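Participant: Sequence:
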Amino acid sequence: MIDDRIDGLIDALLPLSSPPTGPGWNHADMTQLLGTTERRPAAVLVGFREGVQPRLVLTVRNDNLQAHAGQVAFPGGGTDPADDDALATALRESEEEIGLDRQLVKPLGYLDRFETISGFCITPVVASIDVGAQLYPAPDEVSEVFEVPLAFLLEPANLRRYTMEFRGQTRPMVEFVHGGHRIWGATASMLHNLLQRMGRT
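So the sequence shown is residues 0 to 200, counted in numbering that gives the first Met the number 0.
It is worth saying that the hints were derived from the structure and are not from the lab. Treat the hints loosely; a few may be bogus.
Label pairs and their calculated CB-CB ranges [to be verified]:
(1) GLY131 x HIS26: 37 to 43 Å
(2) LEU15 x ARG160: 27 to 33 Å
(3) GLU37 x HIS180: 30 to 36 Å
(4) THR35 x ARG170: 16 to 22 Å
(5) THR20 x GLU164: 28 to 34 Å
Derived SDA-like pairs (lysine to any residue); straight-line CA-CA distance at most 20 Å [what the hints assert, rightly or not]:
(6) LYS105 x PRO138
(7) LYS105 x GLU49
(8) LYS105 x ASP6
(9) LYS105 x ARG91
(10) LYS105 x ASP139
(11) LYS105 x ASP83
(12) LYS105 x LEU12
(13) LYS105 x GLY131
(14) LYS105 x GLU146
(15) LYS105 x GLY50
(16) LYS105 x THR169
(17) LYS105 x PRO171
(18) LYS105 x GLU94
(19) LYS105 x ASP129
(20) LYS105 x GLY7
(21) LYS105 x TRP183
(22) LYS105 x LEU86
(23) LYS105 x ALA156
(24) LYS105 x PRO19
(25) LYS105 x GLN52
(26) LYS105 x ILE5
(27) LYS105 x PRO14
All values reported here derive from a predicted model rather than from experimental measurement. Beta carbons: idealized from backbone N, C-alpha and C, even for Gly.
Could you put the whole structure together from the sequences, leaning on the hints where they help?
Facilitator: Right under this line is the structure:
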């Protein structure tokens, strides 16, 4: 296990035995923007590297990608027909994107599903990652792998709130800025959901 500071995180998760189903927690907002089009299933790995200072593993997407180029993201992607479930998707994508050996991952639970403007319904899989895991970005998809201390994310002052105009509507947004990286959009929203479930917002 990571350390005592993650106990509250684990208690806040949906258990592995009861993965989330149905639409995302932001379904009403996305329906206003996307209509009732069926969302494509996807999963991401919200992985915390074990150690004295647990750290969240994040990626920077390659600038050449068609969607969300250059943005900070969790390892993950769309579900393949061969994937048994969201956990299988998150582990497969993490192997492909950052070379993460699934034997060094311990799934802990799930966050609520989240829908994206690109038409996905994402299941976030929260897990601990062995302290010695070696991570290597796949250059076609990922330009950088970096880590953010859990303690930074749990500090209320580091959660920034702002609004932005999108398709004629003013929308509330959240973001984190750490080490020159701006964590915003879907990634920040899923982290915000984690903090809400922990009672830390």
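Participant: Take the hints in turn and mark each one as holding or not.
Facilitator: Outcome of the hint check:
1. GLY131 x HIS26: 37 to 43 Å: For GLY131 and HIS26 the Cβ distance comes to about 39 Å; the hint holds.
2. LEU15 x ARG160: 27 to 33 Å: holds, 32 Å
3. GLU37 x HIS180: 30 to 36 Å: holds, 33 Å
4. THR35 x ARG170: 16 to 22 Å: For THR35 and ARG170 the Cβ distance comes to about 20 Å; the hint holds.
5. THR20 x GLU164: 28 to 34 Å: Holds, at about 33 Å.
6. LYS105 x PRO138: violated, 26 Å
7. LYS105 x GLU49: holds, 10 Å
8. LYS105 x ASP6: With a Cα-Cα distance of about 15 Å, the restraint between LYS105 and ASP6 holds, given a limit of 20 Å.
9. LYS105 x ARG91: holds, 14 Å
10. LYS105 x ASP139: With Cα atoms ~27 Å apart, LYS105 and ASP139 exceed 20 Å; violated.
11. LYS105 x ASP83: Between LYS105 and ASP83 the Cα gap is close to 17 Å, so the pair holds against 20 Å.
12. LYS105 x LEU12: Since the Cα atoms of LYS105 and LEU12 sit roughly 14 Å apart, the hinted pair holds (cutoff 20 Å).
13. LYS105 x GLY131: holds, 13 Å
14. LYS105 x GLU146: holds, 18 Å
15. LYS105 x GLY50: holds, 14 Å
16. LYS105 x THR169: With Cα atoms ~39 Å apart, LYS105 and THR169 exceed 20 Å; violated.
17. LYS105 x PRO171: violated, 34 Å
18. LYS105 x GLU94: holds, 14 Å
19. LYS105 x ASP129: holds, 8 Å
20. LYS105 x GLY7: holds, 17 Å
21. LYS105 x TRP183: Answer violated: LYS105 to TRP183 is near 26 Å, above 20 Å.
22. LYS105 x LEU86: OK: LYS105 and LEU86 at ~11 Å, within 20 Å.
23. LYS105 x ALA156: violated, 30 Å
24. LYS105 x PRO19: holds, 18 Å
25. LYS105 x GLN52: Holds. LYS105 to GLN52 sits at ~17 Å (cutoff 20 Å).
26. LYS105 x ILE5: holds, 14 Å
27. LYS105 x PRO14: With Cα atoms ~13 Å apart, LYS105 and PRO14 stay inside 20 Å; holds.
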